[in-house]
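Using the hints, position chain B against chain A.
Chains as they are written, first to last, in the working numbering: chain A, -9 to 545; chain B, 48 to 148.
No lab work stands behind these hints: they were computed from the structure.
Bear in mind that the values here come from a model prediction, so they are computed numbers and not experimental data.
Please note: incorrect hints may appear among the correct ones.
[Stated by the list, open to error] Here's a subset of chain A near chain B, in silico, CB distances under 7 Å, partners left out: (1) Y91; (2) L101; (3) L108; (4) K229; (5) P244; (6) P251; (7) G258; (8) G293; (9) G296; (10) A528; (11) T535.
[Claimed, not checked] Calculated cross-link-like contacts (lysine-lysine; reagent style PhoX-like; alpha-carbon spacing at most 25 Å): (12) A:K120 - A:K134; (13) A:K391 - A:K134; (14) A:K48 - A:K396; (15) A:K46 - A:K396; (16) A:K282 - B:K145; (17) A:K520 - B:K53; (18) B:K137 - A:K120; (19) A:K391 - A:K402; (20) A:K282 - B:K64; (21) B:K64 - B:K137; (22) B:K53 - A:K282; (23) B:K71 - A:K282; (24) B:K140 - A:K120; (25) B:K51 - A:K450; (26) B:K140 - B:K126; (27) A:K402 - A:K387; (28) A:K237 - A:K330; (29) A:K402 - A:K120; (30) A:K396 - A:K120; (31) B:K140 - B:K51; (32) B:K145 - B:K51; (33) A:K120 - A:K48; (34) A:K120 - A:K387; (35) B:K140 - A:K450; (36) B:K140 - A:K282; (37) A:K450 - B:K71; (38) A:K421 - A:K493; (39) A:K282 - B:K137; (40) A:K520 - A:K134.
Ideal Cβ placement from N, Cα and C applies to all residues, glycine included.
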Amino acid sequence: MLNRIFSLLVVFAGVAFAAGADLGEGTKQDLNVPAIVMFFLFVAATLGITYWASKKTKSASDFYTAGGGITGTQNGTAIAGDYMSAASFLGITGMVYLKGYDGLIFSIGFLVGWPVILFMISEQLRNLGKYTFADVTAYRLRQKPIRILAALGSISVVILYLIAQMVGSGKLIQILFGLEYEFAVILVGALMVAYVAFGGMLATTWVQIIKAILLLLGTTFMSIMVMAQFGFSFEALFKAATEIHPKGIDIMTPGGLVSDPVSAISLGIALMFGTAGLPHILMRFFTVADAKEARKSVFVATGLIGYFYILTFIMGFGAIVLVLGAEGNIYWDTTTNTLKGMNNMAAVWLAHAVGGDYFLGFISAVAFATILAVVSGLTLAGASAISHDLYANAFAKEGEKVDELKEMRVSKYATLAIGVAAIIFGIAFEKQNIAFVVALAFTIAASANFPVLFMSIFWKGLTTRGAVIGGYVGLISALVLVILGPVVWTSILGYGDPIVPYKFPAVFSVPMAFIAIWFFSITDNSEDAKRCIDEFDAQDIRCQTGIGADSAVNH
Amino acid sequence: MVEKIKSNPSYIELVSKRSAFSWKLTITMLVVYYAFILYIAFSPETLGQSISGGVATIGIPIGMAIILFAFIMTGIYVKRANSEFDDLTKQVKEDIAKEIK
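The shape of chain A in the complex, shown without the other chains (with noise of 0.2 Å):
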């Protein structure tokens, strides 16, 4: 196992210094030492704990869930480091340089569906699952098709979801280190898939529980040296925003960005619920050992995770001031007219602004250990899906109990297939219009996953049929309402006016999905429905007590 990790560690090294010498002729980006410095370090530390979590994880409880043992202010540190994307953290602090308050409005709503993960579902998760949410699901249903479906629609979000991070990702790094396109997407399938396949959830988790302390700690940095230049007086700050950006006193009011109702409420259903049926997030409560650890962790991922979208309005308005106003536009490309590498740059340039050449490297190999973190945890819930909901119990043969050891190989498998299909992917779509690729993971997340694991917890009354009928429901109609709507029907497919004129089709895939879920239970009068309804008390015992709930932990 060691000289295995050793030859993947040559290999990269290898992979780097190969790409750094194609650049030195100078048609990227300069090489950037010292960011290429703090990246290997980052990447050594990584594998280091990759090593010593793959001698640690031996069950299939280690590898799905790191054998429970997280505690809940972990877990709720790797959950921030999980949902503080390089989606966020540039693409949140770019929109706020460029559109002011609109900004914050993104940020309010992706964090709002956190409380509502607590109050519903988080400690309901623990009690009733094991390694994915299908368990919840499936836990008095029929099995098959329940797993059958909870693996769709997980699959589809998470290729979704990696489509999204693999070409940002790509281009991110094309920028930042001046690497290739292609070896940069290469790099990040490669150690993803080495983080997880070697180390399971333990690797997972720590991978994200470091990069969510480095992101906090630079970005922490970077708000208190933009405001020591104001005085710390936000007044000061936001008059010299306003004196600089082009749109002047606009950035300071809610603009076009929610402009009629519909498109808000779906959109807020879309973040809201959405969070709530991504795969990977809910993967992370099966890791702590019980209910109350549960809940810890939703209160420390919901205190980072606001305090972190706090930060990104400071730096998109000190973006405004000190890289837009900086002296000489440095940090401007004047053949496009926009920022070097684009908007989403803000964050990055930012960063040399107020710290020069070493921070810019800092905050460079944070981004990558961003992309990598969250990667590695859609790859271990895809993986997942397939071998824990696909191969171990919906086609397993009737009555048999599948071998745990076979069962973490086909996860490995399946989290090499992941891993190459989300770099040919990545490779496939450099040159797409990918903005609409995270809308419909969310979409999908919210309409197919989170209708079914909802009722499947709180309705006595729901039957295999209603949610196998309800979860397609959302699932397709989720696809199709995306597809005939204004981002892949008219700016992709150019077909003209959209058929659908909603960017996020959540508020009326969502509530399809709920009530295909009710009208094909409650006209089920199948003996698999009066047995469904039969088992739901003894399901919410469990639910409401653990009482026989998976305590994960190996005693």
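Chain B only, in chain A's frame:
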């Protein structure tokens, strides 16, 4: 067994109190968030009012307050769940253990 737990007074108290509390907090969060969203959709100028004549608008402290509010809500829930709800759960488990003996 299921019937016995269902009729246990501590269990009944736990389920009714916790579900009422969870729904109350969830609805509060939804109301606060959607009130904010509807202000943005219908009346952005309300949030764009200046605070005491400067460039800062009241929308900024309100936005920050919603973030803080979400965090405080999780704290309120955790505090009550850790004491009252966990005590009731423990009581249910003890009662059941006695029944089994």
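Hint check:
1. Y91: OK, holds: A:Y91 within 7 Å of chain B, min 6 Å.
2. L101: 5 Å, holds
3. L108: 5 Å, holds
4. K229: 5 Å, holds
5. P244: It holds, given that the least Cβ distance between A:P244 and chain B is near 4 Å, below 7 Å.
6. P251: 5 Å, holds
7. G258: With a minimum Cβ separation of about 5 Å from chain B (threshold 7 Å), the hint on A:G258 holds.
8. G293: 5 Å, holds
9. G296: This hint holds: A:G296 lies near chain B, its Cβ roughly 4 Å from the closest one there, short of 7 Å.
10. A528: 5 Å, holds
11. T535: 5 Å, holds
12. A:K120 - A:K134: With Cα atoms ~17 Å apart, A:K120 and A:K134 stay inside 25 Å; holds.
13. A:K391 - A:K134: 14 Å, holds
14. A:K48 - A:K396: Holds, because 12 Å separates the two Cα atoms, which is no more than 25 Å.
15. A:K46 - A:K396: Given pair A:K46, A:K396 holds - Cα atoms ~18 Å apart, limit 25 Å.
16. A:K282 - B:K145: 24 Å, holds
17. A:K520 - B:K53: 20 Å, holds
18. B:K137 - A:K120: Within the cut-off at roughly 22 Å; holds.
19. A:K391 - A:K402: 19 Å, holds
20. A:K282 - B:K64: 17 Å, holds
21. B:K64 - B:K137: 15 Å, holds
22. B:K53 - A:K282: 22 Å, holds
23. B:K71 - A:K282: 20 Å, holds
24. B:K140 - A:K120: 21 Å, holds
25. B:K51 - A:K450: Answer holds: B:K51 to A:K450 is near 19 Å, not above 25 Å.
26. B:K140 - B:K126: 21 Å, holds
27. A:K402 - A:K387: 21 Å, holds
28. A:K237 - A:K330: 20 Å, holds
29. A:K402 - A:K120: 19 Å, holds
30. A:K396 - A:K120: 18 Å, holds
31. B:K140 - B:K51: 12 Å, holds
32. B:K145 - B:K51: Measuring from Cα to Cα gives roughly 12 Å; hence the hint holds.
33. A:K120 - A:K48: 17 Å, holds
34. A:K120 - A:K387: 21 Å, holds
35. B:K140 - A:K450: Given that 25 Å is the threshold and the Cα spacing comes to 23 Å, the pair holds.
36. B:K140 - A:K282: 15 Å, holds
37. A:K450 - B:K71: Given that 25 Å is the threshold and the Cα spacing comes to 21 Å, the pair holds.
38. A:K421 - A:K493: 21 Å, holds
39. A:K282 - B:K137: 12 Å, holds
40. A:K520 - A:K134: 18 Å, holds
Violation of the numbered hints given earlier is absent; every hint is satisfied by the structure.
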